[in-house]
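Chains as they are written, first to last, in our numbering: chain H, 258 to 661; chain U, 156 to 296.
Be careful, since some hints might not be right.
List time: in silico BS3-like cross-link candidates among lysine-lysine, alpha-carbon distance up to 25 Å [claimed, not checked]:
(1) H:Lys628 x U:Lys194
(2) U:Lys282 x H:Lys628
(3) U:Lys210 x H:Lys628
Hints are computed from structural coordinates only; laboratory data are not their basis.
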Amino acid sequence: MFDVNLLRKDFPILSREVNGQPLVYLDNAATSQTPKQVVEVISDYYYRYNANIHRGVHKLSQEATDAYEKARATIQKHFNAEHPYEIILTAGTTESINCVASGYASLLKKGDELLISALEHHSNIVPWQMLCEKTGAQLKVIPMTLQGTLDMEAFDALLNSKTQLVFVNHVSNALGTINPIQEIIEKSHAKGAKVLIDGAQASPHIKADVQALDVDYYVTSAHKLCGPTGVGMLYGKSELLNLLPAYQGGGEMIATVSFEKTTYAGLPHKFEAGTPNIAGGIAFGAALDYMNEIGFEAIAKYEAELLAYATTALEKIEGLKIYGEALKKTAVISFNVGSIHPYDIGSILDQMGIAVRTGHHCAQPIMDFYKIPGTVRASFSFYNTFEEIDLLEKGIRRAVAMLQ
Amino acid sequence: MKTIEAIQEEIVEEFSLFEDWMQRYEHMIDLGKSLPLIKEEFKTDNYIIKGCQSKVWVHAALEDNKLNFTADSDAIITKGIIAILIRVFSAQHPKDILSANTDFIDQIGLKEHLSPTRANGLVSMIKQIKMYAVAFQTQLN
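Kindly produce the complete structure, drawing on both the sequences and the hints.
Okay, here's the thing in structure tokens:
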């Protein structure tokens with residue numbers, strides 16, 4: 258039974274005060290809060306079995322290795338990957354994308370085309386631009402509509418036999434739009450293109466099944482889904498990961514090293530050079546366990562209620578305009594009020610203990626499209642309450658009164 | 156002419172009358188309304204301060220060995236902040252601007268704006284004002 262008040266007890270941070278007011282944390286799309294269960298897994302690791310993994314013959318090293326590999330299996334199961342070695346543990350979404358992008362530098366040639374969506378985060382734009390500069394491949398952009406959805410007709414027109422790779426986020430971080438990734442994957446495959454889906458914003462809300470999606474690469478970060486920062490995942494189909502050259506050289510990723518020739522280890526170690534974020538990886542698994550115990554269906558249902566309630570409440574505020582009105586979206590509301598600068602509203606809300614994000618949300622092309630400097634973004638999690646949305650509404654009204 | 160320190164004390168005193176943050180912010184917003192506005196022709200990338208979430212333009216001109224600043228911002232709170240800085244530093248000698256400290260910001264309850272991660276770029280604004288002072292001081296030497 259989903260009980261938000263009970264769940265909130267798992268997050269000590271939610272009961273702290275900010276500027277003398279109870280914290281209302283609505284910046285979940287930037288990072289989620291971490292429950293005690295996950296923090297305890299991290300401290301337990303450091304208190305009881307901190308050791309380097311995969312190499313040691315001693316007991317601690319074996320325990321740490323077992324825990325780390327168990328976490329990999331948990332992640333594999335969660336995303337329904339076929340093999341555990343298809344889950345590469347990285348420093349996060351950005352590193353996962355860079356790992357694939359740098360690998361394709363030797364696989365692409367001049368005249369190849371890459372398709373990217375207009376709704377991307379800078380981390381899913383810049384690595385591909387760099388790749389195009391290196392290879393002479395061309396970056397094409399799937400345009401967006403005023404509602405904040407992808408223009409799928411334009412996508413069909415852009416996709417052709419020269420298209421090698423397609424990158425789309427599962428959910429837009431700035432607007433919350435859930436993109437039709439199944440359709441994008443099927444159509445791309447029909448033209449022989451591979452698809453990378455950035456799941457950073459989707460993972461806290463939607464359980465992606467990489468086999469059902471038949472997606473080639475799926476990436477995400479643990480800190481968006483109740484895990485720690487500095488750890489994330491690159492899922493890739495094993496046959497593709499085997500083709501991709503290694504990302505970084507170092508220990509752990511080798512089979513044999515001599516000064517004449519080094520041979521690389523198999524998956525996943527080929528992409529995991531150096532000592533990884535061991536506690537982080539273990540905690541990533543614990544975070545997924547935590548969320549799965551609540552259940553993604555229950556989370557989605559409750560968050561949809563929060564979103565509907567917040568949308569209705571905020572739309573009543575005179576002059577408030579919501580950006581991103583896709584029929585399918587996660588619990589994110591990006592908005593502006595009249596011509597008030599988002600920064601002004603965010604600063605006043607902060608004084609009231611309400612944490613939102615303001616600015617371009619690392620998605621400047623979207624802001625350019627709407628010709629606005631940025632938005633205020635309130636993003637909700639399963640531990641937010643209807644009362645907090647009331648406080649947000651009241652806070653915005655107060656801010657607007659001060660600023661107009 | 157009042158010294159930088161005297162003006163800072165004056166501002167600290169003004170802000171000490173307020174009981175809560177709302178009054179402080181309202182006062183800051185009011186101060187923004189009296190900001191000596193930068194000429195439209197200077198609202199270009201040459202005069203913009205980098206590192207702010209909102210846009211801030213600052214222009215400086217030397218007159219009788221004193222620096223006069225004009226500015227503007229597209230955000231109201233930022234406009235208030237730059238107005239306070241300009242009230243402190245305008246009509247002052249470049250070398251006095253260079254040697255001035257900015258501890259008063261802490262005292263008027265705007266400490267959170269001093270953090271370098273803060274997107275309003277108060278730190279960048281102060282840096283820019285000091286850069287102008289360096290440039291004009293070199294000219295005077």
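Verification of the supplied hints:
1. H:Lys628 x U:Lys194: holds, 24 Å
2. U:Lys282 x H:Lys628: violated, 30 Å
3. U:Lys210 x H:Lys628: holds, 15 Å
The structure is inconsistent with hint 2 alone, although it conforms to all the rest.
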